[in-house]
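Dock chain B against the given chain A, drawing on the hints supplied.
2 protein chains.
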Amino acid sequence: MKLGILGGGQLARMLAMAAHPLGIETVFVDPSPQAPARVVGESLVAAYDDRDMLMAMAGRVDIATYEFENVPDEAARALASAVRLLPPPEALRVSQDRVIEKQTLASLGVPTPAFRAVDDRAALSDAVAALGAPCVLKTRRFGYDGKGQAVIRSTDASALDRAWQLVGAGRVPCILEGFVAFDRELSQLAARAASGEVRFYPLVQSQHDRGVLRETIAPAPSTSATIEALARGHVQRLLEHLDYVGVIALELFQIGDALFANEFAPRVHNSGHWTIEGAETSQFENHVRAVCGLPLGSTGALGRSAMLNLLGDVPASADVLAIRGAHLHLYGKSAAPWRKLGHLTLVERSGETDFDARLAQLRALVDASIVAPDA
Amino acid sequence: MKLGILGGGQLARMLAMAAHPLGIETVFVDPSPQAPARVVGESLVAAYDDRDMLMAMAGRVDIATYEFENVPDEAARALASAVRLLPPPEALRVSQDRVIEKQTLASLGVPTPAFRAVDDRAALSDAVAALGAPCVLKTRRFGYDGKGQAVIRSTDASALDRAWQLVGAGRVPCILEGFVAFDRELSQLAARAASGEVRFYPLVQSQHDRGVLRETIAPAPSTSATIEALARGHVQRLLEHLDYVGVIALELFQIGDALFANEFAPRVHNSGHWTIEGAETSQFENHVRAVCGLPLGSTGALGRSAMLNLLGDVPASADVLAIRGAHLHLYGKSAAPWRKLGHLTLVERSGETDFDARLAQLRALVDASIVAPDA
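As you go down the protein sequences, you meet chains A and B in turn. Under my numbering, residues 181 to 555 are what the first sequence spells out, in order. Under my numbering, residues 181 to 555 are what the second sequence spells out, in order.
Rather than coming from a laboratory, the hints here were simulated on the basis of the structure. The structure displayed is predicted, hence computed values, not measured ones. Ideal Cβ placement from N, Cα and C applies to all residues, glycine included. Treat the hints with caution; some may be incorrect.
[To be verified] What the simulated footprint calls covered on chain A by chain B, stretch by stretch (three residues with Cβ under 8 Å from a Cβ of chain B suffice, anywhere in the stretch; the number is not a length):
| id | region |
| --- | --- |
| 1 | 190–204 |
| 2 | 214–221 |
| 3 | 375–382 |
| 4 | 472–484 |
| 5 | 506–514 |
| 6 | 518–530 |
In isolation and in its complexed conformation, chain A is listed as follows:
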């Protein structure tokens, strides 16, 4: 069996490495000849909307999936007309537009932060007047890792003007979202098979820095049964609504016993990287199993895990690997400030007592190597 993947980044690379042991080969479409996945499968170097290349991929695979949600509409439609594309294109359509995404979530009874569509400068003033400051102006489409976002901390016209310029508003449709003073950020991953069977990974706790994931702890510490049930219920309704097949990630804000959905990703997700060593079946393998029509694997955690992103630069491999139980994942990308170049995972194995000490060592290595956007 051959699996086509739209995108050849680190998610595609890790999907391919999960696919090979299942006897499933991979074909990628990515515009970069240096895409991280190039070493673990067949690469077609082309723009995502290169219709000829998409058709070429469709012709040589049994099923297709994608590693990012910003697949151009037309490309997804063209591909889906020629080969089965999973998760379903409807999941792409909904997740690509923050307004449609939040409207969909709200219609399913999943609370979201307050929001207003903002199509022009006047609408921004109205929206800020309605939601108050602080609030966040975001592009409706094509945002990721904090890109296309500006926090508005005051209702002054000058603050609005500044945010308006920053996100390039006026040229692209925007959304204003109420600022959520969350206790913490959580992420609920799940896999759904074509049969409708759903398996939930443990709810995890994430920490972002300027819109970029820094660290995930799995399972999320001190989680009440109420919160766990809420998160699973939200994801379950979303999966059923979309008739979803594959792995999904729902990012959530927690305030007390309430959850507010921030956004969902119709794909494997950075907050699930810990599952490679920390769960019985990784998110990558379960995504491949789901889209290829194979039974889902157990999503149980094998212990407490921590996942740290390597941003902008990486520590020396020897320093990382000298720490017992540290697992290194480099993506083969060139360095640039704040770019995700790899991640580290540490899993607490039964009988161990020094997990926190080793995690502190790893954090120190990561902090020393990180290159922030303003550096």
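Quick look at chain B alone, frame taken from chain A:
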């Protein structure tokens, strides 16, 4: 960093998948354009003794290793003259010849079955007279998975003639080995770093069928501290004698509280495949770490594991993956009787009680799919 691998079989494939997350890319030399490793690295299609291609590989890698011990002498020497080759070529030289191998082991105080070099038919008669029947006639070189072997069950000249024909003796130097009525077969894997640091995997129990590994249980059940210490001591002396770097496997016969060394493999080994899911660091990752000068990872087991080889044919993936905790590894090879096409691993996680029941299900699937040599 780039790692060259002589051979592109399943061991090379799994080495490459362990290398990529460490940021290490792989280049293979293999005569087959369909070699299993072709999908996870750069392939150079050439005979192992194609000097030009070996030099081409040497020129584009930082370090080289091999996935099988039957590398032609000249090829290993040519490669080692152009790039650092690990494990050291001396380990290849010793392991390639069953007589030199057993002499070396004996010189290190590692007991072996009784043996005699057999260069002609008269020497075979003398050797059988000395060792008695049953005994095993083997080619000194290029044997693997039971190939180039014949059991001699009677001292009759006709039985000797038959064995003599079977192994192609007369054309190649042979060895006669005393038959060992072992209680069980064990395998001791270890990794040694360039620094001299050694890490031992748990001793495992293996079960062969007509010379081919069928199943490994890790750790080996009911192992005494005496046996464990003996096995580690044997491997430690061998590693030091060879100034070894990388993963090694020593196959052993156990009789009561005694161990007899059958053979060693200067490479990752089938009896270590369980380490992918069953140990903190897999044999593949530790081999890559060792030869690339990185610190070794923990070799601790994460629970009880069973590894079953898929021989000759494979069960339906969906049937395997429907069994909770079953991990499937297919190698992308075409089917042929008794050929190793993949393996399955099951790890007992803490708190589980149905390991044996699930293992029985897996064994039934494997037994139903197996295609033996006489089929």
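Examine the region 518–530 of chain A: at least three residues should have C-beta closer than 8 Å to a C-beta of chain B. Coverage by chain B holds for the region 518–530 of chain A (3 residues, Cβ < 8 Å).
Counting residues of the region 472–484 of chain A that have a beta-carbon nearer than 8 Å to any beta-carbon of chain B, does the count reach 3? Per the Cβ count (7), the hint holds.
Three or more residues of the region 190–204 of chain A near chain B by CB distance under 8 Å? holds (count 6)
Taking 8 Å as the Cβ threshold, is the statement that the region 506–514 of chain A is covered by chain B upheld or broken by the three-residue rule? Coverage by chain B holds for the region 506–514 of chain A (5 residues, Cβ < 8 Å).
Given coverage of the region 214–221 of chain A by chain B, checked by CB-CB distance under 8 Å (3 or more): Per the Cβ count (3), the hint holds.
Has the region 375–382 of chain A got at least three residues whose CB is nearer than 8 Å to a CB belonging to chain B? Answer violated; 0 residues pass the 8 Å Cβ test.
In terms of the numbered hints stated before, the structure departs from hint 3 and from no other.
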